[in-house]
Structure formats: structure tokens, C-alpha cells
Amino acid sequence: MLLKVAVAFLVSSTRLASGAYANPGACSGDCGTHDPAVIRRTSDGKFYRFSTNNFISIASASSIAGPWTYLGQALPGGSKISGFSGVDLWAPDIIYNNGVYYLYYSVSSFGTQNSAIGVATSSTMDPGSWVDRGTAGVSSKTGSAYNAIDSNIIKVGSDFYMAFGSFWGDIYQVKMDSGLLKTAGTSSYQIAWTSFGNGAMEGAFTYYRSGYYYLFTSWGNCCQLVPRPAAGTEYHMRVCRSTSATGGFKDKSGVDCKSSGGTTILESHDYVYAPGHGGVIDVPGVGSLITIKEQIKRQLTLGGMFWTGRVTGPSSVQALAHQQLQLQPREQLKLQQQRLGAETVHLCMDNVGVKVLQVQNAALQELANIAMIGTRNVSREPLPPAMM
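With mature numbering (1 follows the signal peptide of the UniProt record, and there is no 0) applied, the sequence shown corresponds to residues -22 to -1, 1 to 366, in that order.
Just to be clear, a hint being listed does not mean it is correct.
As the list claims (entries may be wrong) - Quick list of in silico lysine-lysine cross-link-like pairs, DSS-like style, CA-CA up to 27 Å: (1) K119 with K160; (2) K153 with K236; (3) K236 with K119; (4) K133 with K160; (5) K58 with K153; (6) K133 with K153; (7) K133 with K228; (8) K58 with K160; (9) K133 with K236; (10) K24 with K133; (11) K228 with K153; (12) K58 with K119; (13) K153 with K119; (14) K24 with K119.
Claimed, not checked - Cβ pair distances, simulated, as ranges: (15) K24 with S165: 35 to 45 Å; (16) S21 with N176: 44 to 54 Å; (17) G55 with S237: 38 to 48 Å; (18) G121 with C201: 20 to 30 Å; (19) K58 with V78: 16 to 26 Å; (20) S21 with S237: 44 to 54 Å; (21) T47 with S136: 34 to 44 Å; (22) G23 with S136: 18 to 28 Å.
Treat the hints as calculated values from the structure; they're not laboratory data.
Where a beta carbon is used, it is the ideal one built from N, C-alpha and C, also for glycine.
With the hints as constraints, model all of the structure from the sequences given.
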């Protein structure tokens, strides 16, 4: 999108009124996914989506709105990392550098620190083209300072850094070797930690915008939601920012992200329940799009947040509007097909892993848009004057 807008930072943590949310949009094609990582292929502009399980499922579309077509598995033989033969693959992250696509993935035993991060490479991203390179040099076991899952790579100048972690020490970062297949051999270091829920933080994603690095993290209980956890302890998203990619992240109130800092930008409300795990992709003509995972209730809801051009302070990010999907039994889970505007997509999930992906084209007057791929969709109406 890229409108001339002021730097936007951190929506208020106050829960929004239920009247702030919009109605459903639509998805076309293969709209079922979990933990989507989306990238646009440089050769032809086609979108590729990678997702958890099925040894990393691959789908593609000519538009971010679809129609999405399932293509196959990235690594049908599983990972070559020792000790994880036959173990399914989680939480993909995808980047492109010097003619090569790098697909990072996690292998783990759920709820333990027996985990590792691997990487595969391809020149096209199509099934059959991926070569598993094994471990990226990050692993953990019982007693480690961290849990080696949920990787995310960011480029800073000519250098690359991987953020990773889940509970157990929360979020760490390590510099990558220039070849992007291994860490650089330097020690990892903590960049975020919380006392909330005994360290219930994971799913880091670092994104650069207008002089700041934004560190999105997910807090709380993501998965074991029956019986329902205490209100406020379920999954939700928070954010800190820094002028450095490697530390110094603080929230809207100036609290260090390593000392339980984090401004809430997305939480349960209305029919949205336990949203989290965000990542960003920039789409020409649409904007910067954020991926989200694991949101459930009786209905599934989608939404977005906005970078505004009228506010220059910490309240510049305003949220949010929503869409609703009926949550059906897992074997019958389908999207409600509704069309409310151009460039709309969502991919759906249930509480053990089927996910919702939502994008709308939102040229919202003077607003620049970040649409959340996941539980929230962007409103196609301007914000009320009181929020601007």
C-alpha cells in the first residue's frame, strides 16, 4: 500500500466494544490451513502458503484472495534431523534470498523442550523441489534455557537473525550464518520474557517499519482450551518495538519486553477466542498482512488493524473489525462463503489446528492497512473520528 503514513505503534490494550466489528467476507479455493506462512514468488508473482502438519502443506494462488490450490507436501519424508524421524513438522517460516527460498520448520514433542528447528531450500517452492538441509543449529532439551520452536527470520542490512522460543525462557534470538542454513556460531540471547502464565509467551515475529522493529508475541493458553481457562489467560497478541532488531524492545508504556512488557493488540472478544501467533507479509496493492493462528469459539472471527496517517503518537494503530464463521465439527468444517468486498480471503481452523486466514483489500481513505490473516479481518469502513 504504500501510502505516506506516520509511524504507527500499539493499539490501546482496552478491549473494544462489540459494535466495532464488521461482517464476513469470503475465501475461494482450498481455504483450510494451520499456521500459514505466505510469500510471493519473485518469478511470476504467485502467492505460496505453507502450513503446519502434513509435513508442511503447500498451496498457491494468483491472488492473495485466491482461489487457493493445494499443491502437496514440502518434505513428505519428514525431517532428517536426528531423533525426529517421522515426526510431523510445525510452524513454517519462509524467506527469499539470492535466488533461493528458505523454509524453516519446527520438530517437537508437544508440551516439552524436546525440539529443534530445521531448514529446507528450493528455487521454485513447488512440491518435489524442496531439499531438507537438516538442523539450522537451534535445538533444545529438558533443562535448556528455551524451547526451540516457532522460528522467524528477519534481515537487517546484510545480516539475518532468527527469533524463536515458546514458554521456557520465552523468546530468544540468534544471528544466522550468511548462507542461512546454520546459525553464525554466536550465542543466542533473550529478547522477550513474561511472568504471565508462568512464561506463557511464544510465536515471535519481528517486522521493520519506518525506523522501528516491531516484535509481535503471543501470550497465554493457545491450545488446551477445554475446560475453558480463566478469562484473560487464553491466547492473545502483544507487541513491543525498538530501534534495534536485536534488543531494547519496549511496549507503549515504556516497559521492557524482557520484563513482562507488551501492549495487547488482539484478544478474545465477541466470537473471537484465543487469537495469536502473528507474522507479516507485504502485498502490493493490498498492504502489510499479518498471519494469526488458533482462534476458536462457537463462531470464528477475523480482523485487522490499521496504521493511520493522522496520528503520530503511540495510539496510531487502531483496531479492529471482524468477520464471523460458523465453527462446525472438524470433519465438516467449512467456510461461510460471503462476498462483501474485493480482495477478501480467509482460511479456517478448529481448536486443534484448522486455521482461518483472512485478507481484505482495504483502501480505507487515508488509512494504511495491516490486515490480519487469521482471526480478524480488516474493516472496509473508516474509523470513527474519535479513534483517529
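For each hint, the structure was consulted:
| no. | hint | in the structure |
| --- | --- | --- |
| 1 | K119 with K160 | 19 Å, holds |
| 2 | K153 with K236 | 19 Å, holds |
| 3 | K236 with K119 | 22 Å, holds |
| 4 | K133 with K160 | 15 Å, holds |
| 5 | K58 with K153 | 23 Å, holds |
| 6 | K133 with K153 | 10 Å, holds |
| 7 | K133 with K228 | 20 Å, holds |
| 8 | K58 with K160 | 15 Å, holds |
| 9 | K133 with K236 | 22 Å, holds |
| 10 | K24 with K133 | 22 Å, holds |
| 11 | K228 with K153 | 21 Å, holds |
| 12 | K58 with K119 | 18 Å, holds |
| 13 | K153 with K119 | 21 Å, holds |
| 14 | K24 with K119 | 39 Å, violated |
| 15 | K24 with S165: 35 to 45 Å | 39 Å, holds |
| 16 | S21 with N176: 44 to 54 Å | 46 Å, holds |
| 17 | G55 with S237: 38 to 48 Å | 43 Å, holds |
| 18 | G121 with C201: 20 to 30 Å | 23 Å, holds |
| 19 | K58 with V78: 16 to 26 Å | 18 Å, holds |
| 20 | S21 with S237: 44 to 54 Å | 45 Å, holds |
| 21 | T47 with S136: 34 to 44 Å | 36 Å, holds |
| 22 | G23 with S136: 18 to 28 Å | 26 Å, holds |
The structure fails to meet hint 14 from the earlier list, while all remaining hints are met.
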